[in-house]
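Colleague: Starting from the given sequences, assemble the full structure and let the hints guide the process.
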Amino acid sequence: MTTEEKPQLTDIDLTGYDQIEVLGAREHNLKNIDVTIPRNKLVVVTGISGSGKSSLAFDTIYAEGQRRYMESFSAYARSFIGDMERPDVDKINGLSPVISIEQKTTSKNPRSTVGTTTEIYDFLRLLYARAGEAFSYLTGRKMERQSQDQIIDTILEQYAGQKLTLLAPIIKSRKGHYRELFVQIAKTGYTKVRVDGVVQDIAPKMQLDRYKIHDIEIVIDRLVPKVEDRYRLSQSIQTALKQGKGAMQMLDGSGQLVYFSQNLMDPESGISYDEPSPNSFSFNSPYGACPVCNGLGVVEEITEESVIPDKSLSISRGAIAPLGEYRELWIFKEIEAILKKYKLNLTTPVVKFPEDLLHALMYGTEEEATVPSKKFVGRGDGPEDYYSFKFEGIVNFLKRQQENSTDKIQEWLKDFMVIKPCPECEGARLKKESLYFKIDQKNISELARMDISELTEWFTGVESRLTDRQNVIAKEILKEIRKRIGFLLDIGLDYLTLDRPLRTLSGGEAQRIRLATQIGTQLVGVLYIMDEPSIGLHQRDNVKLIDSLKNLRDLGNTVLVVEHDKDMMLESDFILDIGPGAGRHGGQVVNQGTPEEFLKNQYVGAAGTSTTADYLSGRRAIEVPTERRKGNGKFLIIKNATGHNLKNVTLKLPLGRMVTITGVSGSGKSSLIHETLFPVLNRHFYKSKREPLPFKTVEGLEYLDKVIEVDQSPIGRTPRSNPATYTGMFSEIRTLFAELPEAKIRGYKPGRFSFNVKGGRCEDCEGAGMKKIEMEFLPDVHVMCETCKGKRFNRETLEVRFKGKSIADVLDMTVEQGLEFFASQPKILRKVTTLNDVGLGYITLGQHATTLSGGEAQRVKLAEELSKKDTGKTLYILDEPTTGLHFQDIAHLLDVLNKLADKGNTVLIIEHNLDVIKVSDHLIDLGPEGGNKGGNIIAEGPPEKVAEVKGSYTGKFLKMELEGQKT
1 MTTEEKPQLT DIDLTGYDQI EVLGAREHNL KNIDVTIPRN KLVVVTGISG SGKSSLAFDT
61 IYAEGQRRYM ESFSAYARSF IGDMERPDVD KINGLSPVIS IEQKTTSKNP RSTVGTTTEI
121 YDFLRLLYAR AGEAFSYLTG RKMERQSQDQ IIDTILEQYA GQKLTLLAPI IKSRKGHYRE
181 LFVQIAKTGY TKVRVDGVVQ DIAPKMQLDR YKIHDIEIVI DRLVPKVEDR YRLSQSIQTA
241 LKQGKGAMQM LDGSGQLVYF SQNLMDPESG ISYDEPSPNS FSFNSPYGAC PVCNGLGVVE
301 EITEESVIPD KSLSISRGAI APLGEYRELW IFKEIEAILK KYKLNLTTPV VKFPEDLLHA
361 LMYGTEEEAT VPSKKFVGRG DGPEDYYSFK FEGIVNFLKR QQENSTDKIQ EWLKDFMVIK
421 PCPECEGARL KKESLYFKID QKNISELARM DISELTEWFT GVESRLTDRQ NVIAKEILKE
481 IRKRIGFLLD IGLDYLTLDR PLRTLSGGEA QRIRLATQIG TQLVGVLYIM DEPSIGLHQR
541 DNVKLIDSLK NLRDLGNTVL VVEHDKDMML ESDFILDIGP GAGRHGGQVV NQGTPEEFLK
601 NQYVGAAGTS TTADYLSGRR AIEVPTERRK GNGKFLIIKN ATGHNLKNVT LKLPLGRMVT
661 ITGVSGSGKS SLIHETLFPV LNRHFYKSKR EPLPFKTVEG LEYLDKVIEV DQSPIGRTPR
721 SNPATYTGMF SEIRTLFAEL PEAKIRGYKP GRFSFNVKGG RCEDCEGAGM KKIEMEFLPD
781 VHVMCETCKG KRFNRETLEV RFKGKSIADV LDMTVEQGLE FFASQPKILR KVTTLNDVGL
841 GYITLGQHAT TLSGGEAQRV KLAEELSKKD TGKTLYILDE PTTGLHFQDI AHLLDVLNKL
901 ADKGNTVLII EHNLDVIKVS DHLIDLGPEG GNKGGNIIAE GPPEKVAEVK GSYTGKFLKM
961 ELEGQKT
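Residue numbers (full-length UniProt numbering): 1 to 967.
None of these hints come from the bench; they were simulated from the model.
What you are looking at is a predicted structure, and each value in this text was computed from that prediction instead of being measured.
Any given hint could turn out to be false.
With a straight-line cut-off of 20 Å between C-alpha atoms, the simulated PhoX-like cross-links for lysine-lysine are [to be verified]:
#1 647 / 696
#2 544 / 566
#3 869 / 899
Quick list of the computed label-pair ranges, beta carbon to beta carbon [unchecked claim]:
#4 421 / 764: 44 to 52 Å
#5 784 / 605: 30 to 38 Å
#6 421 / 463: 31 to 39 Å
Glycine included, every Cβ here is placed at the ideal spot set by N, Cα and C.
Modeller: So this is what it looks like as structure tokens:
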């Protein structure tokens, strides 16, 4: 082909390369829709809950991107992975490589922290290994290294004329008889050793007391140092350092021990450290981890309170909780023998036991006691029929059980254990030596315990506090650390510390950390798909998040966000609204365009009216109540709470009202409510063993009769859990099917209709409907069971039908369909109705718990509580119940919460959403900032009062919201 014939760039059809086209999407409830997404823009996909947003973004676009990526693997690699099912879509044009950043916490591993995930801690390890200064943990002196020549010069200058003994340390503070070691030393030609401070000849068959701790050094040479004998001195020192692995000792003329080392060493105490490497500062490496807690920072301890929770009981009545009530067990006979010494017995209440007896029961005795053994081994009446023993104590007994028992028993024993900071490292996770390497007087653990804003201040101008050598080494490392810290600041996570375990983060926080990591990779030409990244963010921090997403876009990426946040939508480049309803009523495009076009709500080809545009434009709104509840005039008061960053906070909670706890991220809301208030109430009402964070007193417990915490944790961790089983509805449904004539003829009981019991379930998948495939180097994959096709039951069970529907058909119904289907079944209808009332009409009754979002799981729990009878004296605690909710869904949720408060109950909500905040009866605002700069109550009262408080970020945004409602 000639030059003239070659295709030119202008001849190539680039149509579609500036956009991503989705044609004929039918996944889940999507109704064969065509969607065009502009490339290199910030695009928001919105719509009411269950409308099909995630079906489009994750189950169609992301799934197809992932499938195409897998297709690029070799046939050999794909044979391990298997074929990925193609999403139900005709075609997707212009699809870029796709990265999904979801709300899920990435790891339950306690070793994964904010620092390790963002790689900041990895760079800190490198910084301390290369530029850290070592100090002695005994004397605090700076550790020194000496070369062989320096050691020789020191000896010739300071010890000339003295009779010296050069020693090579071999054993330091270890038990053993060391018979073989002495033979080995003798074979190498040495005749003398220094054992525990005494120089002696090596004797034939020489050995030590194996149960005592010993120090052993080889006597290398005895000499009087002279300049002319420098060669001999040099050879002896070289030998001593070789035998002592870089360390040597010397007895001077007065018998004083002097230490030398080519490694880091404290000349005063003689202790030395190994040369540091990055692993020396890793709590995931044996070279750096604390030997007591293995790098976890905490240990599990059995406490007297957990073993004997109720001292009013006697041992025979079950005072020792792990043992239960009296049975013919050997340990009860041993305890009875101990009690006899105190003239007590097994029926004596534990509260009457003296302190030394309690200690003996818990930790054992040194004195022997006797138990008649004939009752157990059937021997005669002679004196030999008594068994002498030393009681090991309940604590040691349980520890032994934990070490030598099954997983099930070990799990049971955890109920009697309390997690406490490690006594060795005090929570720092690292071994002692690693914690004595410092930069600017800080060890690595002290930096890891700083929040990101403090860390930023510490690293600002740190070069001026370093030596010239340290600055040369640290220059590039500091650049990388500052860059990553900056990403966390930009997305509003300045209150997190580097040592915060990843499993303790909310889904939104974990997602934003992954977002920060992605920004740091500086990738270009990628399609990022995110699921509500604004979850858990205060309006102040939301601005930072939006700027970060725009930065990701400006790098040359397409950012597709499933979101309900008003600010995010208005700041985006393009909005796509899926609806008009949820479930079967959704799945269509009801509005799309730039924010300006979107607000006009005039999209040609819309499948219905866009409620999103109505709420965004102000044509519809959640109204501020004309009158707020006064409550019952009573209060629940927690005084002087000091846990985490709380600064002596006194919480005065008005009862019989809807109260919202507000404040910027990290201000102390969860510490005050979830970790102080709720554990106090849980312990009072339900005898929970969970310890609250420190506080002084609690008042007003008599005004409540129960507390219910509705959080966002999963309703189950396997596909066997679903809304029907969680709410108890499935038991009623199984009973209904068992009462049908066909079931009675066949002799089927309710258990026949359970997928957890043999008989009626599909045995190929054991009623799961799915099969788990272990993927070795990839996460496990669940695929549909080929035998039952996901129906969970065998053919005979499915032949029993109610109103033409099998038990599997019922589980596949949406909540909305269930309202009509169970209209004549009051018990079932009540539970279905409450699920619908909390905005879950679109989920199926048998939907796998693992597929529910945190917000959906929370609303399932709320529905379960609503279906119960209430007394009007209940405290409901909800953590961000608006997660995943559209404006219209929030209005429905508020109706439900208002009904609870109208009955006299107290509804306590932790929330950032201004629609919830503005309709609350009472606000308690924490701050003013996050982390160590938070932890104070800075405003409280009705929303109108808080809106006027200067210094309250909540008040600032609330004032704008309230004024916007008036205009």
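Colleague: If a hint holds in the structure, say so; if it does not, say that too.
Modeller: These are the hints, each one checked on the structure:
1. 647 / 696: holds, 12 Å
2. 544 / 566: holds, 15 Å
3. 869 / 899: With a Cα-Cα distance of about 13 Å, the restraint between residue 869 and residue 899 holds, given a limit of 20 Å.
4. 421 / 764: 44 to 52 Å: 49 Å Cβ-Cβ, so the 44 to 52 Å window holds.
5. 784 / 605: 30 to 38 Å: Roughly 35 Å apart at Cβ, these two residues keep to the hinted range, so it holds.
6. 421 / 463: 31 to 39 Å: holds, 34 Å
Hint compliance for this structure: every hint is met.
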